[in-house]
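The primary structure of each chain is shown beneath.
Number of protein chains: 4
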Amino acid sequence: MIVILKRDHNPEQLESLVNWLQEKGIAIHTSIGEANTILGLVGDTSKLDIDLIAALDIVEDVKRVQEPYKNANRKFHPEDTVIPVRDTWIGGGSLTIMAGPCSVESEEQVVAIARAVKASGATMLRGGAFKPRTSPYAFQGLGETGLEYLKAARAETGLPIVTELMDITQLPLFKDVDVIQIGARNMQNFDLLKAVGHQDKPVMIKRGMSATYEEWLMSAEYVMAGGNENVILCERGIRTFESYTRNTLDLAAIPVLRKLTHLPIIVDPSHATGKYWLVEPLAMAAVAAGADGLQIEVHNDPEHALCDGPQSLKPDTFDPLARKLLSLHSVVSGLEGQA
Amino acid sequence: MIVILKRDHNPEQLESLVNWLQEKGIAIHTSIGEANTILGLVGDTSKLDIDLIAALDIVEDVKRVQEPYKNANRKFHPEDTVIPVRDTWIGGGSLTIMAGPCSVESEEQVVAIARAVKASGATMLRGGAFKPRTSPYAFQGLGETGLEYLKAARAETGLPIVTELMDITQLPLFKDVDVIQIGARNMQNFDLLKAVGHQDKPVMIKRGMSATYEEWLMSAEYVMAGGNENVILCERGIRTFESYTRNTLDLAAIPVLRKLTHLPIIVDPSHATGKYWLVEPLAMAAVAAGADGLQIEVHNDPEHALCDGPQSLKPDTFDPLARKLLSLHSVVSGLEGQA
Amino acid sequence: MIVILKRDHNPEQLESLVNWLQEKGIAIHTSIGEANTILGLVGDTSKLDIDLIAALDIVEDVKRVQEPYKNANRKFHPEDTVIPVRDTWIGGGSLTIMAGPCSVESEEQVVAIARAVKASGATMLRGGAFKPRTSPYAFQGLGETGLEYLKAARAETGLPIVTELMDITQLPLFKDVDVIQIGARNMQNFDLLKAVGHQDKPVMIKRGMSATYEEWLMSAEYVMAGGNENVILCERGIRTFESYTRNTLDLAAIPVLRKLTHLPIIVDPSHATGKYWLVEPLAMAAVAAGADGLQIEVHNDPEHALCDGPQSLKPDTFDPLARKLLSLHSVVSGLEGQA
Amino acid sequence: MIVILKRDHNPEQLESLVNWLQEKGIAIHTSIGEANTILGLVGDTSKLDIDLIAALDIVEDVKRVQEPYKNANRKFHPEDTVIPVRDTWIGGGSLTIMAGPCSVESEEQVVAIARAVKASGATMLRGGAFKPRTSPYAFQGLGETGLEYLKAARAETGLPIVTELMDITQLPLFKDVDVIQIGARNMQNFDLLKAVGHQDKPVMIKRGMSATYEEWLMSAEYVMAGGNENVILCERGIRTFESYTRNTLDLAAIPVLRKLTHLPIIVDPSHATGKYWLVEPLAMAAVAAGADGLQIEVHNDPEHALCDGPQSLKPDTFDPLARKLLSLHSVVSGLEGQA
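Residue numbers (our numbering), protein chains in the order written: chain A, 3 to 341; chain B, 3 to 341; chain C, 3 to 341; chain D, 3 to 341.
For the record, the hints were derived by calculation from the structure and aren't laboratory data.
If several chains are the same, the list does not tell them apart, and a pair holds so long as it fits within one copy or across any two.
Quick list of in silico lysine to any residue cross-link-like pairs, SDA-like style, CA-CA up to 25 Å:
hint	residue 1	residue 2
1	Lys8	Arg76
2	Lys77	Ala140
3	Lys77	Thr214
4	Lys177	Arg135
5	Lys316	Glu62
6	Lys196	Arg135
7	Lys26	Thr39
8	Lys196	Ile170
9	Lys261	Pro317
10	Lys196	Asp51
11	Lys65	Lys77
12	Lys316	Asp10
13	Lys196	Thr83
14	Lys203	Ser137
15	Lys196	Glu146
16	Lys72	Ile28
17	Lys77	Leu262
18	Lys203	His79
19	Lys196	Val84
20	Lys316	Gln15
Next comes chain A alone, as it looks inside the complex:
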């Protein structure tokens, strides 16, 4: 950590700061410049509160040199994390395709979609039983019944299920779910993150609409600090001034996170754009940029879907897309090998 002192700092206050830091086991290297004096803090600075130091009268600015996350940090865990889920796994060079309806509507619907997407190459079934809706008057999901339908579809197809947990009180119902999804709006619901940190099943954290990479990784850190190392990150677009698309998909997140963390990275082009005809080009782009997988909405009847119809593909448009994605993934892996 670097502490930049004000030009005319009070020497007594400086001495008091230096003593306080030394008591905490921090060594201090001082550089006296023409315009500024700078303290280089050496030692375990991860417990120091950067805001507290920045607030001191004699301090002009403080700059962190190390990342504030550890469990999620590739520096301390250089190997890619690979997460087994039933007969499949996420990460490690594979291409995960999570497909299914935004919202579970009936057993027939979800079983039919699950069969179709499996035949096209999907490796997991996604579907919402508890739905975060902006309006209290909109359909809120089938809840526990929806979870039962998902399990029925899994029994039928063998596809593991990924579904969103919205509140701690729903946790008992999620015992038999394969991957717990934390939605973008709950990315900083810290009590929820702590609760899933004590579960023994993988957790996929969607990026908050205005979350920086660091904040997103800190949310992963919350889960990992509780002992659950199986965390997946899902980019689903950020909020910007551009309103033509629902959000702006940030594909730089893939290589940036690849560098900063060892956790697998999934991309959701359906929610990012809100338009079905943008799903294919952005799914292709995500694979070319090195994503570990995709989450894609597929509905048998998007025009009558109870939520998010506009962004859903039909099984017969998903089928050629899934095949293209798998082809592209093997081509890109091959090109990578040549480099």
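Guided by the hints, dock chains B, C and D onto chain A, whose structure is given.
Positioned in the frame of chain A, the structure of chains B, C and D alone reads:
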């Protein structure tokens, strides 16, 4: 609601849409233009799913004409809502000043601050017992004990207390709190909003960091739909590209919300900026723009505060500020009267 | 155009509006709803000032149904525009690769880079002679001399040259340039756009840092309205709250523009990210999403480049990338054919 | 400047960096930490290219300690700049009110408005002769004739005139203008900034829609580096995700700039919001936050204005507002005095 059809729409699909709408009791006025055909939907369109219609093959675009919120809508509730809280009230021409520490640290601390801010003119005591922190390694608040200290300060000073609820499971502890605060990160934690919608005490909803006015009002609508009409909105800055300040305080929110809703509007310049020296000018600006009140962080020892020290005022800087704010409020009210 | 009237509108003012519109040859279809009365305006509404109508006392809102651009609009020009540039062309299924240094520094440098990138598969040479720099104290480019060096490199390699025009007064020097580039900061320098609209050479318009798709297309419309139909659009990232990357590359721009316009779309991953190690994954993603080409910074000695070194590749890292991009482009074109 | 080295940096490359810096007269203080080695660079680092150093193989990050602007920096120029304009001045405790039409439409119009706003307390006349319009088909301003009408209004009322310069080629026409305005879209039109840096009249720079405080100050620095010290900064809203208002007015800019620079700060609530009914509350807020002045659109017939009618006040609504602003300014100055 306005439905704009594609140029070359299929007439059978159009007939099917028209029938479906008429079954729902919607009358349809058709305008056939040179470039586009437009349907004007007349009747109670609040139950129609705009996204579903937008997803139809024959539809180019759908535009909503009415706001999606009702209980929070000034059109249906023209009078300002005034919320009584113990011996004081929020709204109705008064200036509420909520002051206190970001985080409750000890009984002595919070009692001392409560006494000081009351003497300066504060009307309510704010203080966090449960703290949303970006890092799992940062101080998370004193929890239940913190709530006890706040009550002790209330017993001592008579100031009603405002404090943040982070999770439904904490609700039983909040029975004796005066105003429940929902933090910016939980603005779209819909289960939490539903839960406080069933409480009989006022709820203050902070604006999410990337929430539009409409989304914020929809969160108020969630609480009101549950039967709790005593909702307060708190502007605390939005996330933008400018990183010099922690967030960008959006003071246009005050007159815009004044027009759209009847609910009272509080401004928090401390969290918005993250810098104590910006609190005064922005608090003054908020009063001049017509805010119903302010939430200001005051700490007796900001340099050693366990969180958010940099944005806290000391009691002796808060004192002249509170006096200025009250003077300004009476001047502005007087000028308003002249207009 | 749709005009939504206020609930309690004055009938005389309405009559006056209706007359005014009819004088302009606009037919009006009225829908009287329970809550609102809506006017559907039929005829050539492109000359009506939407803001003027929105400002009327009786009007609650106005919504445009048609895009405000014509020459750039695919609806009126369904075929893709293909732009010939010397022996090559932009658009039409080819993959344009514009490569070269951010800033021209010497004849040796630019000739050496031009030779190298041509050998790797680049189809055009990019290089800055006039440089927009945030600081007045930073290197501002070699100016006219820089243009001479670019021409020398073209003479040597046959690669057409693309270079930025910053001000109208520089136009006489650009007579022998192949493609004029308008930088992101000048995207709404309307006098400059008008001036290049009267040139007979292709113009590439970089997206402004906070420009919507529509504003960007309106800038293309400025050039096309002057008679110059050879416009290329270049996505180079938009400004968002995420500061890890210099900008956020918005790859949804590719399929969105493909739908809205017939103009070719180039992607610049170097400026978008500001980091050389992000160029490859995002260039790959751009090709997979269907871009017509890329603009990539290549410098023989990025550590000593006079500007933007951090985002430049070296010739020996550009070489395998260019080969991968060309392979990927042919694979993606093939997959497209299958669909 | 602080240079943070990579953990496993090559010692030879480090030696080469150290030698290179020492040749430039920079002294180096090294702090060897457990995780990182840090170089503190002491001396005149303003000429070092931060990006170049950041690009070096052995460097993990570089952090600037000093601001990159000098002439505009309050550290080197502690006194407020006060700019005389004919019989009035900008800064120094006064409240400048620039009022007038968005666009000059006729001599009668501008003279009538000038008379009215002068009577209400305005100190300067604003009006556009050259208009930046998003669409090439929109009214582009009266140009030279518009400037003549402004001068006629000045002759009639004595109010100095502020008007926008869009391109260098228009400069000869601006000889007799009092304050040259640089529009938001031209804030980084560096050739234009250089050109007005050589003029001997005040220049008001509007903040670019996505410009940081630092970029804005660097644009002021461009003008000042040319020798023109009379620069005024005008906050007019930034682009954010919130689309209810045209832009988001950032009033924190006032106290932040007050700290960073000695230049006067004007606020334009009309363009920031795009809605006339938001002008008053935000103008009041700007004065309370300490602005040196306001720029407000006033039109005698906003419903038929050729541009930006929706955000214009009429003279009879401007009149009580101007009086309120002047009252508020004297109250706020008085409260300031007490503190």
